[in-house]
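Order-wise, the sequence lines are chains A and B. Counting in our numbering, the first sequence runs from 1 upward without gaps. Counting in our numbering, the second sequence runs from 1 upward without gaps.
In short, the hints are calculated from the structure, not lab data. Using N, Cα and C, we set each Cβ at its ideal position, and we do this for glycine too. Take these hints with a grain of salt, some might be off.
To be verified - If you want a taste of the chain A side facing chain B, the calculated C-beta under 7 Å gives, among others:
1. 43
2. 47
3. 50
4. 107
5. 108
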Amino acid sequence: AQTVTQSQPEMSVQEAETVTLSCTYDTSESDYYLFWYKQPPSRQMILVIRQEAYKQQNATENRFSVNFQKAAKSFSLKISDSQLGDAAMYFCAYRSGGGTASKLTFGTGTRLQVTL
Amino acid sequence: DGGITQSPKYLFRKEGQNVTLSCEQNLNHDAMYWYRQDPGQGLRLIYYSQIVNDFQKGDIAEGYSVSREKKESFPLTVTSAQKNPTAFYLCASSIGTGFGFGQPQHFGDGTRLSIL
Numbered sequence: 001a002q003t004v005t006q007s008q009p010e011m012s013v014q015e016a017e018t019v020t021l022s023c024t025y026d027t028s029e030s031d032y033y034l035f036w037y038k039q040p041p042s043r044q045m046i047l048v049i050r051q052e053a054y055k056q057q058n059a060t061e062n063r064f065s066v067n068f069q070k071a072a073k074s075f076s077l078k079i080s081d082s083q084l085g086d087a088a089m090y091f092c093a094y095r096s097g098g099g100t101a102s103k104l105t106f107g108t109g110t111r112l113q114v115t116l
Numbered sequence: 001d002g003g004i005t006q007s008p009k010y011l012f013r014k015e016g017q018n019v020t021l022s023c024e025q026n027l028n029h030d031a032m033y034w035y036r037q038d039p040g041q042g043l044r045l046i047y048y049s050q051i052v053n054d055f056q057k058g059d060i061a062e063g064y065s066v067s068r069e070k071k072e073s074f075p076l077t078v079t080s081a082q083k084n085p086t087a088f089y090l091c092a093s094s095i096g097t098g099f100g101f102g103q104p105q106h107f108g109d110g111t112r113l114s115i116l
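Here chain A stands alone, though its shape is the one from the complex (with noise of 0.2 Å):
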């Protein structure tokens, strides 16, 4: 079985300045997806950014990006230029590529806080 996860509880940045939020997984398998979603307090579940195993080049979102290890099995987010906004519980999911398994195994998530 898939495990995937955040070891950060939670992280502090202030505005205008970068964080990483780092998710680790676990998984035999060579194809797959990764993904990072966002919960602000209204508690949706909104999609930051999408990875394919199979692509060596990290996805981009604006703001947000990610650096993808296949290697070290790790997947981590990078938020540039902070926004209030941007305050949120953030979720690391796996989602497997075979044709069989449709579900996403989440992290336990990392609380970030974005301060003036």
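Position chain B against the provided structure of chain A, taking the given hints into account.
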């Protein structure tokens, strides 16, 4: 606008009572999911359905039941056998597992269930 609607937003259950959480989507997605979220534990999969009239147990299915009679609807029943039902429940959907199974899951706004 297309999306996922969960109702009610808050639900209270008496001891020994079954309650049903509603989830409706108009995204024309084939796959639907139910997750449970407890503090400090991230999201855990309860049940998922890849097509109408078919569903599979997730990691924590005991004490829960589902049905998938229509593509748009995937209600979750929390039965009296679930001894610790107090949690936040999230419904999600995705295009499917055949085509584009790497497609991200889209989430509803959730239902908070509490015991009276």
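These are the hints, each one checked on the structure:
{"no.": "1", "hint": "43", "in the structure": "5 Å, holds"}
{"no.": "2", "hint": "47", "in the structure": "5 Å, holds"}
{"no.": "3", "hint": "50", "in the structure": "6 Å, holds"}
{"no.": "4", "hint": "107", "in the structure": "6 Å, holds"}
{"no.": "5", "hint": "108", "in the structure": "5 Å, holds"}
Consistency note: the structure conflicts with none of the earlier hints.
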